[in-house]
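Number of protein chains: 2
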Amino acid sequence: MASDVIVAVDMMGGDFAPSAITGGVAEALERFGDAYRYLLVGDQEVVRKGLVELGVNAEDSRLEFVHAPEVVGMNEHPVKALREKRNSSIGVAMDMVKAGRAGGVFSAGNTGAAVGASFLKWRMLEGLARPGIATVMPGEKEPWILMDSGATVDCTPSVLAQFAIMGDLYAKQTLKLANPRIGLLSNGTEEGKGNKQVQDAFGLIKNIPGINFIGNVEGHDLFCGKVDVVVCDGFVGNVVLKTSEQLCKSMSNMIKGQVMQKFWWKMGGLLSKGAFKEVKKQTDAGEVGGAPLLGVKGCCVIGHGNFQAHAVANGIRAVGELIREKLNDRIVEVIHQYALDSIG
Amino acid sequence: MASDVIVAVDMMGGDFAPSAITGGVAEALERFGDAYRYLLVGDQEVVRKGLVELGVNAEDSRLEFVHAPEVVGMNEHPVKALREKRNSSIGVAMDMVKAGRAGGVFSAGNTGAAVGASFLKWRMLEGLARPGIATVMPGEKEPWILMDSGATVDCTPSVLAQFAIMGDLYAKQTLKLANPRIGLLSNGTEEGKGNKQVQDAFGLIKNIPGINFIGNVEGHDLFCGKVDVVVCDGFVGNVVLKTSEQLCKSMSNMIKGQVMQKFWWKMGGLLSKGAFKEVKKQTDAGEVGGAPLLGVKGCCVIGHGNFQAHAVANGIRAVGELIREKLNDRIVEVIHQYALDSIG
Numbered sequence: 006m007a008s009d010v011i012v013a014v015d016m017m018g019g020d021f022a023p024s025a026i027t028g029g030v031a032e033a034l035e036r037f038g039d040a041y042r043y044l045l046v047g048d049q050e051v052v053r054k055g056l057v058e059l060g061v062n063a064e065d066s067r068l069e070f071v072h073a074p075e076v077v078g079m080n081e082h083p084v085k086a087l088r089e090k091r092n093s094s095i096g097v098a099m100d101m102v103k104a105g106r107a108g109g110v111f112s113a114g115n116t117g118a119a120v121g122a123s124f125l126k127w128r129m130l131e132g133l134a135r136p137g138i139a140t141v142m143p144g145e146k147e148p149w150i151l152m153d154s155g156a157t158v159d160c161t162p163s164v165l166a167q168f169a170i171m172g173d174l175y176a177k178q179t180l181k182l183a184n185p186r187i188g189l190l191s192n193g194t195e196e197g198k199g200n201k202q203v204q205d206a207f208g209l210i211k212n213i214p215g216i217n218f219i220g221n222v223e224g225h226d227l228f229c230g231k232v233d234v235v236v237c238d239g240f241v242g243n244v245v246l247k248t249s250e251q252l253c254k255s256m257s258n259m260i261k262g263q264v265m266q267k268f269w270w271k272m273g274g275l276l277s278k279g280a281f282k283e284v285k286k287q288t289d290a291g292e293v294g295g296a297p298l299l300g301v302k303g304c305c306v307i308g309h310g311n312f313q314a315h316a317v318a319n320g321i322r323a324v325g326e327l328i329r330e331k332l333n334d335r336i337v338e339v340i341h342q343y344a345l346d347s348i349g
Numbered sequence: 006m007a008s009d010v011i012v013a014v015d016m017m018g019g020d021f022a023p024s025a026i027t028g029g030v031a032e033a034l035e036r037f038g039d040a041y042r043y044l045l046v047g048d049q050e051v052v053r054k055g056l057v058e059l060g061v062n063a064e065d066s067r068l069e070f071v072h073a074p075e076v077v078g079m080n081e082h083p084v085k086a087l088r089e090k091r092n093s094s095i096g097v098a099m100d101m102v103k104a105g106r107a108g109g110v111f112s113a114g115n116t117g118a119a120v121g122a123s124f125l126k127w128r129m130l131e132g133l134a135r136p137g138i139a140t141v142m143p144g145e146k147e148p149w150i151l152m153d154s155g156a157t158v159d160c161t162p163s164v165l166a167q168f169a170i171m172g173d174l175y176a177k178q179t180l181k182l183a184n185p186r187i188g189l190l191s192n193g194t195e196e197g198k199g200n201k202q203v204q205d206a207f208g209l210i211k212n213i214p215g216i217n218f219i220g221n222v223e224g225h226d227l228f229c230g231k232v233d234v235v236v237c238d239g240f241v242g243n244v245v246l247k248t249s250e251q252l253c254k255s256m257s258n259m260i261k262g263q264v265m266q267k268f269w270w271k272m273g274g275l276l277s278k279g280a281f282k283e284v285k286k287q288t289d290a291g292e293v294g295g296a297p298l299l300g301v302k303g304c305c306v307i308g309h310g311n312f313q314a315h316a317v318a319n320g321i322r323a324v325g326e327l328i329r330e331k332l333n334d335r336i337v338e339v340i341h342q343y344a345l346d347s348i349g
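Going down the list, the sequences are from chains A and B.
Per my numbering, the very first residue in the first sequence carries number 6; after that it's consecutive.
Per my numbering, the very first residue in the second sequence carries number 6; after that it's consecutive.
None of these hints come from the bench; they were simulated from the model.
Mixed in with the good hints there might be a few duds.
When chains are identical, the list treats them as one kind, so a pair holds in a single copy or across two.
Using 16 Å as the maximum straight-line C-alpha spacing, the simulated EDC-like pairs for lysine to aspartate or glutamate come out as follows [unchecked claim]: (1) Lys271 <-> Glu283; (2) Lys201 <-> Asp159; (3) Lys198 <-> Asp159; (4) Lys231 <-> Glu145; (5) Lys267 <-> Glu283; (6) Lys247 <-> Asp289.
Please read all numbers here as calculations on a predicted model, not as lab measurements.
Chain A with its partners taken away, still in its complex shape (with noise of 0.2 Å):
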């Protein structure tokens, strides 16, 4: 039977698009059978030829095209561009949202884009005041979300405490977690630290009912496992993402350059790659899928722009999940409960 399960793929959106992408999806079809179907946007005539070259039958049925032949380009300005190229495959990709024909959609396209665009087109869930993207982070011990990691860089005290809200939820249903810990990303630990708008942010997380909030966490808490979920303005959180990303790149590229310079080193170095490659593994955005924009009446997860074929099918995946999961019926749930009590 054909799964009811329908991911839009925004073909054209990623530093290695579309030939990443299309190989994403060609993956998705043979890992994941027949769970979800897919509505590839893009430039038809690129996309199909590409999945051609990759083996896949353009004809099968769990395949639909919908042609969207313009690129919101990595560096180029969101809204402008949206505005510009009515045609873009990751607009086009929210309408099939919009329009019923798909359930969420993934991209690995410009961050600012996927944002702007299903802002735009869907509109927030009821109650919900801005966006937020909900990154999976690596650990030491166990993997946890920062939230959120760069959809809205200015945020009230009471559009943290939504993030706490949808952090949470989204903590329980992929990190499987019963009671996820909440912090929120502060200069300090103690109540009272951090700017006006996280002290104001900790009074308001703090009387949440139902939520396991641990307080205030400060960047010492990160990656040790002291807690699930880290509440900041998009702003901190995109600061606190790539720096991490940048800081793992340049330790490495240090080891590697203190291991050349001498031979027992570089001996030393050959026979233990195989440990560096796990660890590598472990700490690689890729295999999560992306990170869900929540907050928005749609599923949309984002990639990373420099995400590979393995890394997209992932992604589709995720996606997948949000839809089947429900996860926004959810939100809408608590948050209607969460605004019942604080008026009560």
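Got chain A sorted already, so can you dock chain B onto it with the hints?
Frame of chain A; chain B shown alone:
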């Protein structure tokens, strides 16, 4: 001839005080010859005893003792502690500078207490609104400066502009750069990115004459040699500092953990151990000896709470250099000129 550069040392501040601090003084006496004199502020009996145990002659003419038996603990609320403990070592050390008996202070104690005490007792330099901590950070190729790493949590755009000026002057002094590249930390490199305060600061910093402003920088630009001074508020800076410290630790733990998994990996790890020690040394905050608190009327270098003797000695030298280079005089000059230009 006795040196006229006198460093007041907070003997009671830090996780390993007083022993790490007496150890640092002992090392400084040995390493720096007659370059400095030392005003040792703390519980006099304890400090003297500690020095004698290390084989230091407590009657050394370079040493002077000031009794201040109270300690502000690492987790105490700074302002409250300063109010209640009139004879705290950090507070009395600051008093000594105000009274002209020392040129600056080194402390590895409670950062908030050092910031608070200097702000209350010394006040700001003329024309400056808020203090900032300029932390020298390790990099793949070259070190860089994070300004502010935690002194002023809520910053107006003009405070960020002042941080750019102070960071520029400190980079010239300590990194020996003729024309340091100043970047404003944001969530993307394009002009217009950032929260409101960063967007407004961009316009101000762009118009500061004589500094090499390279525009917005993002997390991906740190650690890899693209920028010399990263300007941000103390909230974001503190998050970046602590997140980076923890990520280095967590990555190192992950690598160690993996290397232990297989016999050959373990052998390789043993062979290349020296390379890892080199990387650890390159990323060790103790080599720099702490971070100066800039903007206040006096020189104060704040060490990491976990500093051991060698790092403390480096911190004492860092204070000595600040005093000798008269950094504060240059800050006042440039700020004054900038203010004149802004009016004109």
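Quick rundown of the hints versus the structure:
Taking CA atoms no more than 16 Å apart as the test, lysine 271 paired with glutamate 283 passes between copies only; the shortest distance there is 14 Å, against 19 Å inside one copy. In this assembly of identical chains, the alpha carbons of lysine 201 and aspartate 159 lie at most 16 Å apart whether taken from the same copy (13 Å) or from different copies (7 Å). For a Cα distance limit of 16 Å, the shortest separation of lysine 198 from aspartate 159 across copies, 11 Å, qualifies, whereas the shortest one inside one copy, 19 Å, does not. In this assembly of identical chains, lysine 231 and glutamate 145 lie within 16 Å of each other by CA distance solely inside one copy; the values are 10 Å within and 28 Å between copies.
When the C-alpha separation of lysine 267 and glutamate 283 is checked against a cutoff of 16 Å, the pair qualifies only between copies, where the shortest distance is 12 Å, while the shortest distance within a copy is 24 Å. Taking the closest pair of Cα atoms, lysine 247 and aspartate 289 come within 16 Å of each other only inside a single copy of the chain (13 Å); across copies the shortest separation is 22 Å, beyond that limit.
The structure agrees with every numbered hint stated previously.
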